[in-house]
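Residue numbers (this note's numbering), protein chains in the order written: chain W, 24 to 313; chain F, 24 to 313.
Don't take every hint at face value.
To be verified - One side only, chain F facing chain W, incomplete, derived with CB under 8 Å:
| id | residue |
| --- | --- |
| 1 | 27 |
| 2 | 30 |
| 3 | 32 |
| 4 | 42 |
| 5 | 44 |
| 6 | 46 |
| 7 | 102 |
| 8 | 131 |
| 9 | 132 |
| 10 | 133 |
| 11 | 181 |
| 12 | 183 |
| 13 | 186 |
| 14 | 187 |
| 15 | 189 |
| 16 | 190 |
Don't read these hints as lab results, they were simulated from the structure. Beta carbons are placed, not taken as given, at the ideal position from N, Cα and C, and that holds for glycine.
There are 2 protein chains.
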Amino acid sequence: MKIIRTPHSITVWSERLRREGVTIGLVPTMGALHDGHRSLIHAARLQCDALVVSIFVNPTQFSQTEDLSTYPRPITRDRALCREEGVDVCFEPTAPAMYPDGFQTTVTVPAIARRWEGTARPHHFAGVATVVTKLFGIVRPHLALFGQKDYQQAALVRRLVHDLSLGVAIQVRPTVRERDGLAMSSRNVYLSADERRVAPLLSQALQAGKQMIVGGILDAATIEQRMRQTVEQAPDMHVEYLAVCDPDSLEPLPVVVTRAVLLGAVRIGSIRLIDNLLVNRQAGKSRTTR
Amino acid sequence: MKIIRTPHSITVWSERLRREGVTIGLVPTMGALHDGHRSLIHAARLQCDALVVSIFVNPTQFSQTEDLSTYPRPITRDRALCREEGVDVCFEPTAPAMYPDGFQTTVTVPAIARRWEGTARPHHFAGVATVVTKLFGIVRPHLALFGQKDYQQAALVRRLVHDLSLGVAIQVRPTVRERDGLAMSSRNVYLSADERRVAPLLSQALQAGKQMIVGGILDAATIEQRMRQTVEQAPDMHVEYLAVCDPDSLEPLPVVVTRAVLLGAVRIGSIRLIDNLLVNRQAGKSRTTR
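Build out the structure end to end from the sequences listed, making use of the hints.
Shown next, in the form of structure tokens:
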């Protein structure tokens with residue numbers, strides 16, 4: 024496995040392979056790789072001739088009050104996981120290489136970024152949209168894979184790739200969960216034992232919401248109230264949002280007709296957790312799509 | 024010469040050629056081609072194996088009060104010029120193909136877009152930056168050529184290509200002028216005979232400014248005053264700005280040290296004219312760079 028730190032080098036590598044007809048896959052990450060990333064890398068490996076994992080803790084998607092400086096960076100372990108999974112190139116740019124002096128261009132996807140995580144983290148999605156556009160410019164992948172765990176991010180990436188005709192196929196893979204349902208996240212390591220015990224209530228709340236829809240309860244306010252009650256069984260869990268939304272626009276749905284995404288964000292102490300579930304009533308029985 | 028209207032078709036064409044090692048050039052235009060465009064196309068033809076001219080009157084770079092609906096669209100003449108100059112593909116997308124329902128992604132280059140044309144036309148450069156990014160996504164050129172006439176636009180495109188690592192070489196070619204110095208522009212056809220007679224005062228003002236710098240007068244306020252006096256010889260010419268600026272950042276310079284760009288915009292009746300001159304004191308004698 025090659026470790027490449029210079030954007031220019033990986034572009035040269037990629038352009039050479041593209042001319043040879045080789046298909047290139049990219050899994051963009053901030054490192055601290057867990058089994059969710061592993062499943063993305065594994066799926067990419069099966070579909071692409073050459074596979075790049077980027078590891079870049081992107082400063083522009085953190086706010087000043089967030090955990091940029093303490094974000095976990097277990098680079099040796101990350102590289103080992105990439106090697107195990109047959110990654111060809113680990114792309115590890117530095118922040119000054121990505122954002123040299125005078126950098127100012129910003130990509131925004133305003134309607135998708137407005138609500139939910141965008142409210143809690145006002146500049147987050149501009150940072151994400153810009154760095155993803157730049158990573159695609161540098162790596163020139165045919166296919167890029169994202170986890171459904173960051174549902175709004177995945178929707179935003181799909182939208183910007185389509186809008187700017189970037190010509191990268193976007194694949195969104197199911198969230199990988201711990202046995203008790205907690206969605207895997209690099210930030211789960213921050214949870215204390217007590218917090219970890221109640222953390223699965225978020226996914227349980229979303230499951231409860233899904234079961235209601237399956238059972239024919241389609242009024243969003245009723246569903247949202249039940250989800251909230253589930254989370255608030257633990258007094259130190261604070262709901263930021265629990266919402267029934269259109270899966271494409273992410274706008275709130277008053278009533279579920281066919282497809283919906285249940286989006287949730289909670290705080291436990293200083294830790295934020297997010298999760299989501301897709302529900303599709305069209306298929307006779309409800310099932311997770313995408 | 025092929026005429027292609029579908030973005031997807033030109034991407035397929037371009038990707039096939041790229042795999043064969045063919046270099047692709049792009050001259051993005053809004054049509055109404057004049058000798059300024061012709062010089063860009065000619066220069067591109069000499070440097071690229073395959074040459075695309077895009078003709079798209081981009082609605083998002085016009086404000087509501089501007090001339091979108093009346094902008095000249097002499098498509099038959101434009102295609103003839105392209106054929107004469109050996110263009111391979113005329114890319115003529117429709118607005119709905121470029122901006123389908125739900126389109127929302129926006130590219131901004133805030134520091135470069137803030138002043139000058141950005142003040143007069145607040146959303147103009149977001150429209151330009153977004154459509155150029157998208158055209159590059161669709162056409163995948165190795166090289167794209169722009170006229171120096173739209174100096175701020177060219178600076179913005181250079182910046183965004185660098186910032187987003189789009190991997191397109193940007194070439195900015197000298198402004199082509201009428202015999203009396205008026206910079207060629209698709210909007211010059213709007214000038215009445217009287218307006219056309221005084222229009223060259225803008226380029227004369229910039230020349231006067233350049234001569235002062237060559238002669239050692241380096242104080243921006245003095246230079247700007249002289250340029251303004253030159254333009255205001257014609258009572259119906261109204262100065263929007265005449266400024267001595269840093270050629271990269273476009274920030275105003277109090278004093279010329281080595282390089283400068285003189286930027287000007289004037290109104291005659293309802294017509295706006297812009298023009299610019301580069302000055303370089305480093306080369307012993309002043310000369311135009313780039």
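Checklist entry - Does the nearest C-beta of chain W fall within a distance shorter than 8 Å of the C-beta of residue 32 of chain F? => result 12 Å, violated
Item to check | Closest C-beta approach of residue 132 of chain F to chain W relative to 8 Å, hint status | outcome: 5 Å, holds
Checklist entry - Does residue 42 of chain F pass the interface hint, meaning its C-beta sits closer than 8 Å to a C-beta of chain W? => result 6 Å, holds
Item to check | chain W contact restraint for residue 187 of chain F - C-beta distance below 8 Å | outcome: 5 Å, holds
Next on the checklist: Next item in the hint list is residue 133 of chain F. Is there a CB on chain W closer than 8 Å to its CB?
Outcome noted: Where the cut-off is 8 Å and the nearest Cβ of chain W is about 6 Å from residue 133 of chain F, the hint holds.
Checklist entry - Regarding the hint that residue 189 of chain F lies at the interface with chain W, is the smallest CB-CB distance below 8 Å? => result 5 Å, holds
Next on the checklist: Is the interface hint satisfied for residue 44 of chain F? The criterion is a beta-carbon contact with chain W at less than 8 Å.
Outcome noted: 6 Å, holds
Item to check | Evaluation of the interface hint that places residue 190 of chain F against chain W, nearest CB under 8 Å | outcome: 6 Å, holds
Checklist entry - Can the hint on residue 183 of chain F be confirmed by a CB-to-CB distance to chain W that is less than 8 Å? => result 5 Å, holds
Checklist entry - Regarding the hint that residue 181 of chain F lies at the interface with chain W, is the smallest CB-CB distance below 8 Å? => result Status violated, d = 11 Å.
Checklist entry - Hint check: is the beta carbon of residue 131 of chain F less than 8 Å from a beta carbon of chain W? => result Holds: closest Cβ of chain W sits about 5 Å from residue 131 of chain F, inside 8 Å.
Item to check | Hint status (Cβ of residue 27 of chain F to nearest Cβ of chain W, threshold 8 Å) | outcome: 14 Å, violated
Violation of the numbered hints given earlier is confined to hints 1, 3, 6, 7, 11; the remaining hints are satisfied by the structure.
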